[in-house]
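*Asks:* Letter by letter, the chains look like this.
4 protein chains.
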Amino acid sequence: MAEYKLAARTSYDSTVVDVKGHKLGGGHFAVIAGPCSVETEEQMLSIARDVKAAGAAFLRGGAFKPRTSAYAFSGLGLDGLELLKIASVKSGLPIVTEIMSEEYLDDFERDVDVIQIGARNMQNFSLLRTIGRLKKPVLLKRGLSSTIEELLNAVEYILVGGSTDVILCERGIRTYETATRNTLDLSAVPVLKERTHLPVIVDPSHGTGYWELVEPMALAAAAAGADGLIIEVHNHPEAALCDGRQSVTPQVFARLMGKIRRVRAAIA
Amino acid sequence: MAEYKLAARTSYDSTVVDVKGHKLGGGHFAVIAGPCSVETEEQMLSIARDVKAAGAAFLRGGAFKPRTSAYAFSGLGLDGLELLKIASVKSGLPIVTEIMSEEYLDDFERDVDVIQIGARNMQNFSLLRTIGRLKKPVLLKRGLSSTIEELLNAVEYILVGGSTDVILCERGIRTYETATRNTLDLSAVPVLKERTHLPVIVDPSHGTGYWELVEPMALAAAAAGADGLIIEVHNHPEAALCDGRQSVTPQVFARLMGKIRRVRAAIA
Amino acid sequence: MAEYKLAARTSYDSTVVDVKGHKLGGGHFAVIAGPCSVETEEQMLSIARDVKAAGAAFLRGGAFKPRTSAYAFSGLGLDGLELLKIASVKSGLPIVTEIMSEEYLDDFERDVDVIQIGARNMQNFSLLRTIGRLKKPVLLKRGLSSTIEELLNAVEYILVGGSTDVILCERGIRTYETATRNTLDLSAVPVLKERTHLPVIVDPSHGTGYWELVEPMALAAAAAGADGLIIEVHNHPEAALCDGRQSVTPQVFARLMGKIRRVRAAIA
Amino acid sequence: MAEYKLAARTSYDSTVVDVKGHKLGGGHFAVIAGPCSVETEEQMLSIARDVKAAGAAFLRGGAFKPRTSAYAFSGLGLDGLELLKIASVKSGLPIVTEIMSEEYLDDFERDVDVIQIGARNMQNFSLLRTIGRLKKPVLLKRGLSSTIEELLNAVEYILVGGSTDVILCERGIRTYETATRNTLDLSAVPVLKERTHLPVIVDPSHGTGYWELVEPMALAAAAAGADGLIIEVHNHPEAALCDGRQSVTPQVFARLMGKIRRVRAAIA
Chain A
-17 MAEYKLAART SYDSTVVDVK GHKLGGGHFA VIAGPCSVET EEQMLSIARD
33 VKAAGAAFLR GGAFKPRTSA YAFSGLGLDG LELLKIASVK SGLPIVTEIM
83 SEEYLDDFER DVDVIQIGAR NMQNFSLLRT IGRLKKPVLL KRGLSSTIEE
133 LLNAVEYILV GGSTDVILCE RGIRTYETAT RNTLDLSAVP VLKERTHLPV
183 IVDPSHGTGY WELVEPMALA AAAAGADGLI IEVHNHPEAA LCDGRQSVTP
233 QVFARLMGKI RRVRAAIA
Chain B
-17 MAEYKLAART SYDSTVVDVK GHKLGGGHFA VIAGPCSVET EEQMLSIARD
33 VKAAGAAFLR GGAFKPRTSA YAFSGLGLDG LELLKIASVK SGLPIVTEIM
83 SEEYLDDFER DVDVIQIGAR NMQNFSLLRT IGRLKKPVLL KRGLSSTIEE
133 LLNAVEYILV GGSTDVILCE RGIRTYETAT RNTLDLSAVP VLKERTHLPV
183 IVDPSHGTGY WELVEPMALA AAAAGADGLI IEVHNHPEAA LCDGRQSVTP
233 QVFARLMGKI RRVRAAIA
Chain C
-17 MAEYKLAART SYDSTVVDVK GHKLGGGHFA VIAGPCSVET EEQMLSIARD
33 VKAAGAAFLR GGAFKPRTSA YAFSGLGLDG LELLKIASVK SGLPIVTEIM
83 SEEYLDDFER DVDVIQIGAR NMQNFSLLRT IGRLKKPVLL KRGLSSTIEE
133 LLNAVEYILV GGSTDVILCE RGIRTYETAT RNTLDLSAVP VLKERTHLPV
183 IVDPSHGTGY WELVEPMALA AAAAGADGLI IEVHNHPEAA LCDGRQSVTP
233 QVFARLMGKI RRVRAAIA
Chain D
-17 MAEYKLAART SYDSTVVDVK GHKLGGGHFA VIAGPCSVET EEQMLSIARD
33 VKAAGAAFLR GGAFKPRTSA YAFSGLGLDG LELLKIASVK SGLPIVTEIM
83 SEEYLDDFER DVDVIQIGAR NMQNFSLLRT IGRLKKPVLL KRGLSSTIEE
133 LLNAVEYILV GGSTDVILCE RGIRTYETAT RNTLDLSAVP VLKERTHLPV
183 IVDPSHGTGY WELVEPMALA AAAAGADGLI IEVHNHPEAA LCDGRQSVTP
233 QVFARLMGKI RRVRAAIA
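These protein sequence lines are chains A, B, C and D, in that order. Residue -17 is where the first sequence starts when you use this note's numbering, and the numbers rise one by one after that. Residue -17 is where the second sequence starts when you use this note's numbering, and the numbers rise one by one after that. Residue -17 is where the third sequence starts when you use this note's numbering, and the numbers rise one by one after that. Residue -17 is where the fourth sequence starts when you use this note's numbering, and the numbers rise one by one after that.
For the record, the hints were derived by calculation from the structure and aren't laboratory data. Possibly wrong hints are sitting among the right ones.
The list makes no distinction among identical chains, and a pair is therefore deemed to hold if it is satisfied within one copy or across any two copies.
To be verified - No more than 30 Å apart at the CA atoms, straight line, and that leaves these computed lysine-lysine pairs for DSSO-like:
{"#": "1", "residue 1": "Lys241", "residue 2": "Lys175"}
{"#": "2", "residue 1": "Lys241", "residue 2": "Lys5"}
{"#": "3", "residue 1": "Lys175", "residue 2": "Lys72"}
Make a model of the complete structure from these sequences and hints.
*Replies:* Put into structure tokens, the structure is as follows:
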């Protein structure tokens, strides 16, 4: 009983997501980097410049933030999108940022290179269908308690709309273990790559919750065959408006990129 | 660090949700019953009549259905809402049905008595905020991997919009156990009732996935102090368009209602 | 593929465990009560007298305690067994206590009425086989991450040795929820009773970790069809050497027993 | 509140387990390989020769097998130990094999180089204490639902007996995901290495349940900083008496060893 068709792997050919020449998938390994939240122009320009210099191919940053508490900082909104655009133009890096509803759909369609659908919305089927119809590159994160099969069924909602360039992201699942924020399920990488032609990346920042664990898990993800990584980088983690605890500095990020290249070469 | 304020219990007074005289909470125990999906007018009228006769206070039925697969039956949509209205008028039972996006917000605001937000959308914060502003009764289901604290934080998004009549629903969480569809976490009932003034109900149908388990778990929920139940009832479970395996017949439902009344009396 | 044979239900007849006339199973509902740890003679005599007066049929108390930390109080050992015997003789209640290894097998065989195998040892197959050969009543607790099928396979190890009187106990499983110590899986009760003829009891003390939750969950377990309960009772919970947070006082226990009787009558 | 003392990391120095010159830990990476079950002399000699040639440092093989079902093949017992000894003498590889109870303690003390305590016995505190007193090298596997802190508390029971050479092993934890047998928690590697001086290895065979996933997860474990691996290798996986589905052939194993060396060099 094939429940997903468009997402299913039927040959050795893999989807390559290509945004203005920045490729991810099908042998092209790419790293998406940037802060949890867009905060200021200076912050974004500084981080964009640093992560580009270190080899990142895409710039991430949250303008609309899903927050557990109704009273927590939920992002700069459209102003944040504006800052992302400025940083993108100056750095030449395409933008990856999360959409939370259809409210600002036009803005996302016009301004965002890769539209991210977060873990909490992985089964927001209405949003999946709508985004799919935009036929733009999409980054879909696995839900906190979603099975691999559910993730593949969810991405099918996007593909039936006409999108072809969708990146899947393992970002940790919810287990009883409390030493880490989530449990990063790296076996999802080879399992997904066997079942789908879509590229698979890993988020070691949300997957662990601690910046000290980002390096070992990023290297592990690369060794497991991931097509890329999405990593939170902040120039002042201790003052970050969100998720500072799991953000690496540009210096740590640059060193990590070197190690990732060596691991990639080792498994080639 | 109080993360929710409006939802927090600050006194012995509990919220009573009152829809056209049908009360739930604060000592008023109520049962919501009906099929997984609205299918036909005959089906809805028959089930509405039977569950009302057995003592149900609200009629449920899905018009818009969240489905894991993009190719599964996803409900009759607005036609389903229409059938629900007819059944409601003829039976006198208020309607409880799930909203999946803001697309048909006006229809839900006009036609639906209690707007349900499903488990997969428990952290769709945009939808929560929008529904909250309608100031209508809402039924919020706990997410499959959501903690009790996250549920209380999610309901706060609804309450800040101005809604006051919100029902919380424990419907099973995701664990490693495979004998049941989910693991019904009945301890959530007393924990929630200690932390919030909002009414708490239990869904033994989705919580177990098997109609044979609905009766023991419904009685257990009543004994644990739940303010109500939401139960799937179908006149032809074997032919149901969805979730037939977990639907009880009107006959089983009527017998169950009698037992529930006895358990309620026993713990009074 | 039937993996368990002796444990499988093949008829409506259910096993009745009968210890000196104290029956559990097959319609005989029984409550096992007592402190987490045996501490002093005075403590045991006082609690035994109180729980008997309230209607408990068995006396529990730990002499050998499994503790996560190598440095935690691990029970009085053989001295604790001695105190249990004294309390049993004076109260007339049979003893239920946990064995942790084969080291004191002779003492347990001679002095203990119902030998408990704890959750951590549910798949200590060597211990299961050895205890099974004693042909004494056994109480087997479900492991923290054991499926219902694994529990049934584990009890088969005891039954093949020749034991026939084995009680199964649901005591909470490990999930991501942190509001309770474990998540009590009450649906295990009807599932187990459908698959096996052995009696099934519930431990709301370990299952929740908080004494305030013991009453609602004990009533829920009775309503779900459990054959009995095992409840931690301490005369001075605030000074208990272990698990005081989840122990009820004799006064609370006595009131709870009255409510349990009413719930039992309601579902009869 | 320090709950473990002897296991806690207090300096940069790490424990090196040294068995007849075969070192593991403190910068010495080592692979333990062999079949799930010891079956025949020919099998053991063949596999031992092949894994040694590929670079394995230790030979594994089960003589006493913990099995969920009381009726499953549970190993050759002492005859299996005998075959392990023969294979060890001929290959020069030290033996790693699991003990299930104290019944054959003398045999294990005399014949086994590294005594393995399995996941199901991780909190069999009586066995942990007894093995600790032997002062022999021990391999302790993390329980299926044990937290990292519980693993560290469990190993303390071994260390207080006088053992110093204990290897910890992450072998997958139990989650809701069913695509893999367990969910391999690789973040446990860096977390453990920060908290303890003991060496940490990974079992990608049990951790995934499928031989196709062994290679990517073994490489990922090496990249994450593990001190070693334990891998199931069988010369005829399709005819293996247990766990054939997750066993790699000697040919696959040899190729994997080459890749592991390259990943190790990349992160040096």
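*Asks:* Is the C-alpha distance from Lys241 to Lys175 at most 30 Å within one copy, between copies, in both cases, or in neither?
*Replies:* Both ways: Lys241 and Lys175 sit 23 Å apart in one copy and 19 Å across, limit 30 Å.
*Asks:* At most 30 Å between alpha carbons: which applies to Lys241 and Lys5, within, between, both or neither?
*Replies:* Both. Shortest intra-copy (20 Å) and inter-copy (26 Å) distances satisfy the 30 Å Cα cut-off.
*Asks:* Please sort Lys175 with Lys72 into within, between, both or neither, judging by C-alpha distance up to 30 Å.
*Replies:* The answer is neither: 34 Å in one copy and 41 Å across copies each exceed 30 Å.
Hint check: a violation occurs at hint 3 only; the rest are consistent with the structure.
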